[in-house]
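Engineer: What follows is the residue order along each chain.
Protein chains: 2
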Amino acid sequence: MDTKKIPYKIYLNEEEMPQFWYNMRADMKNKPAPLLNPGTLKPCTAEELEHVFCRELVKQELNETDRYIPIPQEILDFYKMYRPSPLTRAYCLEKKLGTPAKIYYKFEGNNTSGSHKLNSAIAQAFYAKEQGLKGVTTETGAGQWGTAMSMACAYLGLDCRVYQVRCSYEQKPHRREVIRTYGAQAIPSPSMETEIGRKINAEYPGCTGSLGCAISEAVEYATKHDGYRYVLGSVLSQVLLHQSIIGMEAKAAMDKYGIKPDVIIGCAGGGSNLGGLISPFMGEKLRGEKDYQFIAIEPASCPSLTRGVFAYDFCDTGEVCPMQKMYTLGSQFMPSANHAGGLRYHGMSAIVSQLYHDGYIEARSVGQTEVFKAAELFCRSEGTLPAPESSHAIKVAIDEALKCKETGEEKTILFGLTGTGYFDMKAYEAFNNGTMSDYIPTDEEIKKATDLIPRFPGNEF
Amino acid sequence: MDTKKIPYKIYLNEEEMPQFWYNMRADMKNKPAPLLNPGTLKPCTAEELEHVFCRELVKQELNETDRYIPIPQEILDFYKMYRPSPLTRAYCLEKKLGTPAKIYYKFEGNNTSGSHKLNSAIAQAFYAKEQGLKGVTTETGAGQWGTAMSMACAYLGLDCRVYQVRCSYEQKPHRREVIRTYGAQAIPSPSMETEIGRKINAEYPGCTGSLGCAISEAVEYATKHDGYRYVLGSVLSQVLLHQSIIGMEAKAAMDKYGIKPDVIIGCAGGGSNLGGLISPFMGEKLRGEKDYQFIAIEPASCPSLTRGVFAYDFCDTGEVCPMQKMYTLGSQFMPSANHAGGLRYHGMSAIVSQLYHDGYIEARSVGQTEVFKAAELFCRSEGTLPAPESSHAIKVAIDEALKCKETGEEKTILFGLTGTGYFDMKAYEAFNNGTMSDYIPTDEEIKKATDLIPRFPGNEF
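If you read the sequences in order, they're chains A and B.
Position 249 of the first sequence, counted from 1, bears residue number 249 in UniProt numbering, the numbering being contiguous throughout.
Position 245 of the second sequence, counted from 1, bears residue number 245 in UniProt numbering, the numbering being contiguous throughout.
You may find that some hints are simply not true.
[Said to hold, decoys possible] Derived BS3-like pairs: lysine-lysine, alpha-carbon spacing no greater than 25 Å straight-line:
{"#": "1", "chain 1": "A", "residue 1": "Lys-96", "chain 2": "A", "residue 2": "Lys-403"}
{"#": "2", "chain 1": "A", "residue 1": "Lys-95", "chain 2": "B", "residue 2": "Lys-129"}
{"#": "3", "chain 1": "B", "residue 1": "Lys-256", "chain 2": "A", "residue 2": "Lys-80"}
{"#": "4", "chain 1": "B", "residue 1": "Lys-80", "chain 2": "A", "residue 2": "Lys-134"}
{"#": "5", "chain 1": "B", "residue 1": "Lys-80", "chain 2": "A", "residue 2": "Lys-256"}
{"#": "6", "chain 1": "B", "residue 1": "Lys-96", "chain 2": "A", "residue 2": "Lys-129"}
{"#": "7", "chain 1": "B", "residue 1": "Lys-134", "chain 2": "A", "residue 2": "Lys-96"}
{"#": "8", "chain 1": "A", "residue 1": "Lys-80", "chain 2": "B", "residue 2": "Lys-411"}
{"#": "9", "chain 1": "A", "residue 1": "Lys-129", "chain 2": "B", "residue 2": "Lys-95"}
{"#": "10", "chain 1": "A", "residue 1": "Lys-256", "chain 2": "B", "residue 2": "Lys-172"}
{"#": "11", "chain 1": "A", "residue 1": "Lys-5", "chain 2": "A", "residue 2": "Lys-426"}
{"#": "12", "chain 1": "B", "residue 1": "Lys-134", "chain 2": "A", "residue 2": "Lys-95"}
{"#": "13", "chain 1": "B", "residue 1": "Lys-172", "chain 2": "A", "residue 2": "Lys-426"}
{"#": "14", "chain 1": "B", "residue 1": "Lys-9", "chain 2": "A", "residue 2": "Lys-5"}
{"#": "15", "chain 1": "B", "residue 1": "Lys-80", "chain 2": "A", "residue 2": "Lys-9"}
{"#": "16", "chain 1": "A", "residue 1": "Lys-256", "chain 2": "B", "residue 2": "Lys-9"}
Hints listed in this document are in silico derivations from the structure and should not be mistaken for laboratory results.
Values in this document were obtained by computation on a predicted structure and should not be read as measured data.
The following block holds chain A by itself, in its conformation from the complex:
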């Protein structure tokens, strides 16, 4: 199909840019199971969810039928500031590998938030603004989501309160200062401004915090203050909807040159990048129009798809959010220190989980050191220094390309390069010094955490 010469980077013109998000659920025969109210164990109503989330976002969360959702003009305008993101042909990497495979990557790190998170941040901020809210609350661990949210809120003039896990607030001051520069408030969690924060500070003086605690604080602040709602950067179906822009653009760019990917690879933490990248391709597969191989890559240290159970579980360690049916290691699972902070999540998007359960997606887990080896090879040939999260996808793209070298197949591989590693140089330092560790949880550790998942009628696993 290579009739036209494929440039290094394929951009779309403004008129070629997608105007719709694609909602995979509309084409799924088995829909993801509904969110449950942890108190009643009944499906959450829109009204219940609207105490926590913006009205329009609740609609999107519950929308299983509309295939295409028009992207509001204001969001399209914002997208134009940093989108289309380039679809890049990895000519240099192909050459270094000596592979007949054709490798493409969709690079989402071309904005100061440094990752794809901005695609959903601007959407969530827009709907908050449209609802007439004063501001939003959220949490951040590694910092990509907090950065993206603060950027989006700066643009729209919304207040943004980011509860940042205290150890990250203190030990990773760079991300904190990016958040502050965008005019958002970075609040070390546990703080003294919420009930749960005060309680934890009293019980554990000097506590360095956790993502679970930060979520609980953000939700509490939002539900107790007029004009605030809580926003979340992954896992939710609304987030995958917004992130479908990645796949929509990638598909439009490939279609423009008559390219059909054989294998599509994405790293998966909560599933927002993977779900977004594969969306329109998966739509074709679900409708039986075309076939693709989809591969989700997770860290061996936090292998929810490959070693977790498919069950209803809490989305947060604080157990204040709705329960979701997903592949999970249990909300009390504590992943070992893995530098790919964005992949240290115990659960997985309900949509990705269902698709994996139904056999539409494969999953693989990879160790940290081999991931950084791939990152090093990639940056030395392609120039871009990738985020550790993205490097999981790079690792498997390289594996697949090397298989093609053996078999002689000329497969077309597409992977998601979610972001840059500018703020991860501590991890690279450990790799450069040969002091990186590769901890893989034992079966006992995983069993211990999954045994704590609540069991109730309909939640057998």
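Fit chain B to the given chain A structure using the hints.
Structural biologist: Below, chain B without anything else, positioned relative to chain A:
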């Protein structure tokens, strides 16, 4: 001229990409004065320069006649990995300012080196490789040049030895690790592997180093080891030649939409970005074809154009490099701690100096705090968090746009956004905390430093 709708970002197709660098000297009536051998005070011969620099680069350094230099195919191929850089219409900033001015910026931070430095790094690495050299040596202070050079050398498989000022090596580990990740050697300077390094370490135990010392070490290593040459990231005329790609692309993109800038603004440290950005526009002005207003912006803490003298001076504090006629504060001038590390240079490109001397360029100096205020406004409206260096240009672009608001003029402003501020969050932290300082050197301090510039027949100032 706005007949077509101007997109947020104007990209060039591969076939629209410039194939030539433009050599401003070919159109200058008053050529820059030749480099002098500091020992003989006579113009440096090609042979003398070839002990330090690559052969082909010496030719380019001395070439005052060829208007266009073809860019070798290998460099064009590398450029395709991260170029064209986007020419962006600052619609959001314009709206926030309420100005009738049209503001465009050419963004050079879309690559992991984070700045425009890569444009010359790959050229210099290419000619070193072509000459059959084993590797190159260089120095780095703020770290952008060291990063860019290590990236280029990784691509071509050249050894790269980066002498990094020791205090920067120890206090800014992130840049050091980027350099190492690309496979280059980062060596804290003063080191024990050169004569000058050992001498300084013996005289001043625990010395934290200086850029001058790092240059001396890099030059010494290159001249004493077979197969090595020294490379420099700014100031030299060859560097401006390579950086002309910025202006060539910007002009091609503007011409595509029939846009003619009235004012062109660039920050100026050694002059590489400014010289590159203005190149083809200046060519038209020099040939009397069109008129433009050019403004060079420097930090008030290191004001070589606005407060220096026009004289032959050493390019390095170690006084080992050739002497150059330029605007200078004296090679012994010590700028106060200014976070825009890339602008802390005592001198200026000979080409930019001559053009300024002949009245083709204006110069202004701006204080650090007002620069960061402009950076904050820019990032909150345009999304990209700019490097402190680039923010000097932003400050003046905003000033000019606000003047248009008063007068009602619809001027078209173009400025260079040389890089991102990812590695400058310490400076942003000081700004966010209100603890940033604004030191402006006194007339006495400047006189003291310029008095140390060597005087000899023909070097009256």
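Engineer: Taking the hints in turn, state whether each one holds.
Structural biologist: Hint check:
Annotation: proposed proximity of Lys-96 of chain A to Lys-403 of chain A holds, straight-line Cα distance about 14 Å (limit 25 Å). For the hint pairing Lys-95 of chain A with Lys-129 of chain B, the CA-to-CA distance comes to about 18 Å; that is within 25 Å, so the pair holds. Restraint check: the Cα-Cα separation between Lys-256 of chain B and Lys-80 of chain A comes to about 19 Å, which is no more than 25 Å; the hinted pair holds. Between Lys-80 of chain B and Lys-134 of chain A the CA atoms are separated by roughly 44 Å; this puts the pair beyond 25 Å, and the hint is violated.
This hinted pair checks out: Lys-80 of chain B and Lys-256 of chain A have alpha carbons roughly 19 Å apart, not beyond 25 Å. A C-alpha spacing of about 18 Å is found between Lys-96 of chain B and Lys-129 of chain A, which places the hinted pair at or below 25 Å, so the restraint holds. Restraint check: the Cα-Cα separation between Lys-134 of chain B and Lys-96 of chain A comes to about 20 Å, which is no more than 25 Å; the hinted pair holds. Taking the CA atoms of Lys-80 of chain A and Lys-411 of chain B, the gap is about 23 Å. The hint holds against a cut of 25 Å.
With a C-alpha separation of about 18 Å, the suggested pairing of Lys-129 of chain A with Lys-95 of chain B holds against the 25 Å cut-off. Taken as a hint, the Lys-256 of chain A and Lys-172 of chain B pair is broken in the structure, with Cα atoms around 44 Å apart against an allowance of 25 Å. For the given pair, Lys-5 of chain A sits about 40 Å from Lys-426 of chain A by alpha-carbon distance, which is inconsistent with the 25 Å threshold. Distance check on the hinted pair: Lys-134 of chain B and Lys-95 of chain A sit about 22 Å apart at the alpha-carbon level, within 25 Å; holds.
Taking the CA atoms of Lys-172 of chain B and Lys-426 of chain A, the gap is near 11 Å; set against the 25 Å cutoff, the hint holds. Restraint check: the Cα-Cα separation between Lys-9 of chain B and Lys-5 of chain A comes to about 23 Å, which is no more than 25 Å; the hinted pair holds. This hinted pair checks out: Lys-80 of chain B and Lys-9 of chain A have alpha carbons roughly 8 Å apart, not beyond 25 Å. For the given pair, Lys-256 of chain A sits about 20 Å from Lys-9 of chain B by alpha-carbon distance, which is consistent with the 25 Å threshold.
In terms of the numbered hints stated before, the structure departs from hints 4, 10, 11, listed from lowest to highest.
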